[in-house]
Amino acid sequence: MGAEVTFLGSRGGGISILRSVVQRIYASRFSVIEKYDPSLFSVEDPDLKINKEKMTTIEPDVEIIRVMSDEDREKYYKVRFEIFVNEQKCSPDGEIDEHDNDPATIHLLALERSASQPIGTVRIHSYSFNSGKIGRLAVTQPFRGKGMGKLLMTAVEAYAKKEMGIEKFFLHAQEDKMGFYERNGYKVIDWNIFYEEGIPHLKMLKDSS
Numbered sequence: 001m002g003a004e005v006t007f008l009g010s011r012g013g014g015i016s017i018l019r020s021v022v023q024r025i026y027a028s029r030f031s032v033i034e035k036y037d038p039s040l041f042s043v044e045d046p047d048l049k050i051n052k053e054k055m056t057t058i059e060p061d062v063e064i065i066r067v068m069s070d071e072d073r074e075k076y077y078k079v080r081f082e083i084f085v086n087e088q089k090c091s092p093d094g095e096i097d098e099h100d101n102d103p104a105t106i107h108l109l110a111l112e113r114s115a116s117q118p119i120g121t122v123r124i125h126s127y128s129f130n131s132g133k134i135g136r137l138a139v140t141q142p143f144r145g146k147g148m149g150k151l152l153m154t155a156v157e158a159y160a161k162k163e164m165g166i167e168k169f170f171l172h173a174q175e176d177k178m179g180f181y182e183r184n185g186y187k188v189i190d191w192n193i194f195y196e197e198g199i200p201h202l203k204m205l206k207d208s209s
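Going by my numbering, the first residue of the sequence shown is number 1, and it counts up by one from there.
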């Protein structure tokens, strides 16, 4: 991908729950940044190289923000409808559910910074004690196969651990995406395939406790 990712809070005038300190995460070829605070963002992942020594940046391309403003909410749902409704033929009525209306649900949006173009989404909501459920992970076609999905997963897990105390992550994986989630530390907990919007799914879990 040859770019850096910035993990930010709300960009609008609303209240930001994310830390104001810029935190950047990098895939294998990414270099690092002016400021890095490991107490605010810590990930143990061999595929994410975080260089705490080097203080330079290259090709600032992508930022991941928490959706707070109406402008960013519009971009967020544009990606979701593009992928799930237009591409995967899910019902538009079913795409917005009770978790979207729950203010406790956290929505993250990936933007190509140069054009402020929305390129990816993910959300998480509380599931039970110290656990959460991740969903609506989507990446637009031009950015697939470049590590964007992994970065979104890493960002949402890091946020949920720090701000929500979540240690166990559940999700319903589309069957053909199971390998992606396995590579990101998830395991199938129920091999009984079930269907959502006509698409086969499996229940998966990542326990970081």
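Take the hints with a grain of salt, since some may be wrong.
[Unchecked claim] Lysine-lysine pairs mimicking DSS-like chemistry, simulated, CA-CA at most 27 angstroms apart:
{"no.": "1", "residue 1": "78", "residue 2": "150"}
{"no.": "2", "residue 1": "146", "residue 2": "78"}
{"no.": "3", "residue 1": "133", "residue 2": "89"}
{"no.": "4", "residue 1": "146", "residue 2": "187"}
{"no.": "5", "residue 1": "150", "residue 2": "161"}
{"no.": "6", "residue 1": "177", "residue 2": "146"}
{"no.": "7", "residue 1": "133", "residue 2": "78"}
{"no.": "8", "residue 1": "187", "residue 2": "150"}
{"no.": "9", "residue 1": "78", "residue 2": "187"}
{"no.": "10", "residue 1": "162", "residue 2": "89"}
{"no.": "11", "residue 1": "133", "residue 2": "206"}
{"no.": "12", "residue 1": "162", "residue 2": "203"}
{"no.": "13", "residue 1": "177", "residue 2": "206"}
{"no.": "14", "residue 1": "89", "residue 2": "161"}
{"no.": "15", "residue 1": "206", "residue 2": "168"}
{"no.": "16", "residue 1": "162", "residue 2": "133"}
{"no.": "17", "residue 1": "187", "residue 2": "203"}
{"no.": "18", "residue 1": "187", "residue 2": "133"}
{"no.": "19", "residue 1": "89", "residue 2": "146"}
{"no.": "20", "residue 1": "206", "residue 2": "161"}
{"no.": "21", "residue 1": "203", "residue 2": "168"}
{"no.": "22", "residue 1": "161", "residue 2": "203"}
{"no.": "23", "residue 1": "168", "residue 2": "89"}
{"no.": "24", "residue 1": "168", "residue 2": "187"}
{"no.": "25", "residue 1": "177", "residue 2": "133"}
{"no.": "26", "residue 1": "89", "residue 2": "150"}
{"no.": "27", "residue 1": "150", "residue 2": "168"}
{"no.": "28", "residue 1": "206", "residue 2": "162"}
{"no.": "29", "residue 1": "187", "residue 2": "161"}
{"no.": "30", "residue 1": "78", "residue 2": "89"}
{"no.": "31", "residue 1": "206", "residue 2": "150"}
{"no.": "32", "residue 1": "150", "residue 2": "133"}
{"no.": "33", "residue 1": "206", "residue 2": "187"}
Read the hints as simulated data drawn from the structure, not as lab findings.
How the hints compare with the structure:
1. Taken as a hint, the residue 78 and residue 150 pair is honoured in the structure, with Cα atoms around 20 angstroms apart against an allowance of 27 angstroms.
2. Between residue 146 and residue 78 the CA atoms are separated by roughly 21 angstroms; this keeps the pair inside 27 angstroms, and the hint holds.
3. For the suggested pair residue 133 and residue 89, the alpha carbons sit about 23 angstroms apart, so the restraint of at most 27 angstroms is met.
4. Proposed proximity of residue 146 and residue 187 is supported: the alpha carbons are some 23 angstroms apart, at most 27 angstroms.
5. Restraint check for residue 150 and residue 161: the C-alpha separation of about 16 angstroms stays at or below 27 angstroms, so the hint holds.
6. For the hint pairing residue 177 with residue 146, the CA-to-CA distance comes to about 15 angstroms; that is within 27 angstroms, so the pair holds.
7. Of the supplied pair hints, the one linking residue 133 and residue 78 holds, its CA atoms being roughly 22 angstroms apart against a limit of 27 angstroms.
8. With a C-alpha separation of about 16 angstroms, the suggested pair residue 187 and residue 150 falls inside the 27 angstroms cut-off, and the hint holds.
9. Restraint check for residue 78 and residue 187: the C-alpha separation of about 30 angstroms exceeds 27 angstroms, so the hint is violated.
10. With a C-alpha separation of about 35 angstroms, the suggested pairing of residue 162 with residue 89 is violated against the 27 angstroms cut-off.
11. Between the alpha carbons of residue 133 and residue 206 the distance comes to roughly 10 angstroms, so the proposed pair stays at or under 27 angstroms and holds.
12. Pair hint residue 162 plus residue 203 holds up; C-alpha atoms about 24 angstroms apart against a cutoff of 27 angstroms.
13. Between the alpha carbons of residue 177 and residue 206 the distance comes to roughly 15 angstroms, so the proposed pair stays at or under 27 angstroms and holds.
14. Taking the CA atoms of residue 89 and residue 161, the gap is about 33 angstroms. The hint is violated against a cut of 27 angstroms.
15. Under the criterion of a C-alpha separation no larger than 27 angstroms, the hint pairing residue 206 with residue 168 is consistent with the structure, at around 6 angstroms.
16. A distance of roughly 15 angstroms separates the Cα atoms of residue 162 and residue 133; the hinted pair therefore holds under the 27 angstroms criterion.
17. Distance check on the hinted pair: residue 187 and residue 203 sit about 8 angstroms apart at the alpha-carbon level, within 27 angstroms; holds.
18. At roughly 14 angstroms between alpha-carbon atoms, residue 187 and residue 133 fall within 27 angstroms of each other, so this suggested pair holds.
19. Proposed proximity of residue 89 and residue 146 is supported: the alpha carbons are some 24 angstroms apart, at most 27 angstroms.
20. Only pairs whose Cα atoms come within 27 angstroms are accepted, and residue 206 paired with residue 161 is accepted, the gap being roughly 12 angstroms.
21. Taking the CA atoms of residue 203 and residue 168, the gap is near 13 angstroms; set against the 27 angstroms cutoff, the hint holds.
22. In summary, the hint linking residue 161 to residue 203 is supported, as the alpha carbons are separated by about 21 angstroms, within the 27 angstroms threshold.
23. The suggested pairing of residue 168 with residue 89 is violated, with an alpha-carbon distance near 30 angstroms, which exceeds 27 angstroms.
24. The suggested pairing of residue 168 with residue 187 holds, with an alpha-carbon distance near 12 angstroms, which does not exceed 27 angstroms.
25. Taking the CA atoms of residue 177 and residue 133, the gap is near 16 angstroms; set against the 27 angstroms cutoff, the hint holds.
26. Between residue 89 and residue 150 the CA atoms are separated by roughly 24 angstroms; this keeps the pair inside 27 angstroms, and the hint holds.
27. Between the alpha carbons of residue 150 and residue 168 the distance comes to roughly 17 angstroms, so the proposed pair stays at or under 27 angstroms and holds.
28. With a CA separation close to 16 angstroms, the supplied pair residue 206 and residue 162 stays within the 27 angstroms bound.
29. With a C-alpha separation of about 19 angstroms, the suggested pair residue 187 and residue 161 falls inside the 27 angstroms cut-off, and the hint holds.
30. The hinted pair formed by residue 78 and residue 89 meets the criterion: a straight-line CA distance of about 15 angstroms does not exceed 27 angstroms.
31. For the hint pairing residue 206 with residue 150, the CA-to-CA distance comes to about 14 angstroms; that is within 27 angstroms, so the pair holds.
32. A C-alpha spacing of about 16 angstroms is found between residue 150 and residue 133, which places the hinted pair at or below 27 angstroms, so the restraint holds.
33. Using a Cα cut-off of 27 angstroms, the hinted pair residue 206 and residue 187 holds, with the two alpha carbons roughly 6 angstroms apart.
Checked against the numbered hints given earlier, this structure breaks hints 9, 10, 14 and 23; the rest are met.
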